[in-house]
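Trainee: Be aware that the sequence shown starts at 1, since it is given in our numbering, and climbs by one per residue.
Hints are computed from structural coordinates only; laboratory data are not their basis. Please note that a few of the clues may not be correct.
The list that follows gives simulated cross-link-like pairs (lysine-lysine, BS3-like), each with its CA atoms no further than 27 Å apart [said to hold, decoys possible]: (1) Lys-24 <-> Lys-43; (2) Lys-29 <-> Lys-3; (3) Lys-3 <-> Lys-24; (4) Lys-53 <-> Lys-43; (5) Lys-29 <-> Lys-9; (6) Lys-53 <-> Lys-29; (7) Lys-9 <-> Lys-21.
Pair ranges (Cβ atoms, derived) [to be verified]: (8) Glu-66 <-> Lys-43: 15 to 23 Å; (9) Gly-40 <-> Glu-10: 29 to 37 Å; (10) His-60 <-> Arg-39: 26 to 34 Å; (11) Gln-36 <-> Glu-68: 32 to 40 Å; (12) Leu-65 <-> Leu-4: 15 to 23 Å; (13) Asn-32 <-> Glu-68: 15 to 23 Å; (14) Val-42 <-> Ala-16: 15 to 23 Å.
We put the beta carbon where it would ideally sit given N, CA and C, even for glycine.
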Amino acid sequence: MSKLNERRKEVAEMSAGEAQKQIKDLRLKLFNLRLQQQRGEVKNNRIFAQTRKDIARLQHRLTQLEDEE
Numbered sequence: 001m002s003k004l005n006e007r008r009k010e011v012a013e014m015s016a017g018e019a020q021k022q023i024k025d026l027r028l029k030l031f032n033l034r035l036q037q038q039r040g041e042v043k044n045n046r047i048f049a050q051t052r053k054d055i056a057r058l059q060h061r062l063t064q065l066e067d068e069e
């Protein structure tokens, strides 16, 4: 199974609290990446898009959980 499919499966199984914590952690990671980019320390710019997409997946999961209630 690809990493993306594994990640999607993990997100689908998360509770609302876990998803919110993960979103918070990823936003902090994105902030730190931006700081590193300013200093020229980021070698792989693709990580920005991957992190933003992970945040979007988690936000979508939160919306799904809210709709189920």
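Trainee: Each of the hints needs a verdict: does it hold here or not?
Mentor: Okay, the hints, checked on the actual structure:
1. Restraint check for Lys-24 and Lys-43: the C-alpha separation of about 24 Å stays at or below 27 Å, so the hint holds.
2. Proposed proximity of Lys-29 and Lys-3 is supported: the alpha carbons are some 19 Å apart, at most 27 Å.
3. Of the supplied pair hints, the one linking Lys-3 and Lys-24 holds, its CA atoms being roughly 21 Å apart against a limit of 27 Å.
4. Taking the CA atoms of Lys-53 and Lys-43, the gap is about 19 Å. The hint holds against a cut of 27 Å.
5. Straight-line distance between C-alpha atoms of Lys-29 and Lys-9 comes to about 21 Å, which keeps the hinted pair within the 27 Å bound.
6. Distance restraint check for Lys-53 and Lys-29: the Cα-Cα separation of roughly 13 Å lies within the 27 Å cut-off, and the hinted pair is therefore satisfied.
7. Proximity of Lys-9 to Lys-21 is assessed by CA-CA distance (about 17 Å); at most 27 Å being required, the pair is judged to hold.
8. For Glu-66 and Lys-43, the Cβ-Cβ distance of about 38 Å falls outside the hinted range of 15 to 23 Å, so the restraint is violated.
9. Between Gly-40 and Glu-10, the C-beta spacing of about 32 Å keeps the proposed range 29 to 37 Å intact.
10. The supplied range of 26 to 34 Å is met by His-60 and Arg-39, whose beta-carbon atoms lie about 32 Å from each other.
11. Range check, Gln-36 to Glu-68: about 38 Å between beta-carbon atoms, so the 32 to 40 Å window is met.
12. Take Leu-65 and Leu-4: their Cβ atoms lie about 21 Å apart, and the range 15 to 23 Å holds.
13. In this structure, Asn-32 and Glu-68 break the distance hint of 15 to 23 Å, their C-beta atoms being roughly 33 Å apart.
14. At about 32 Å, the CB distance of Val-42 to Ala-16 disagrees with the hint of 15 to 23 Å.
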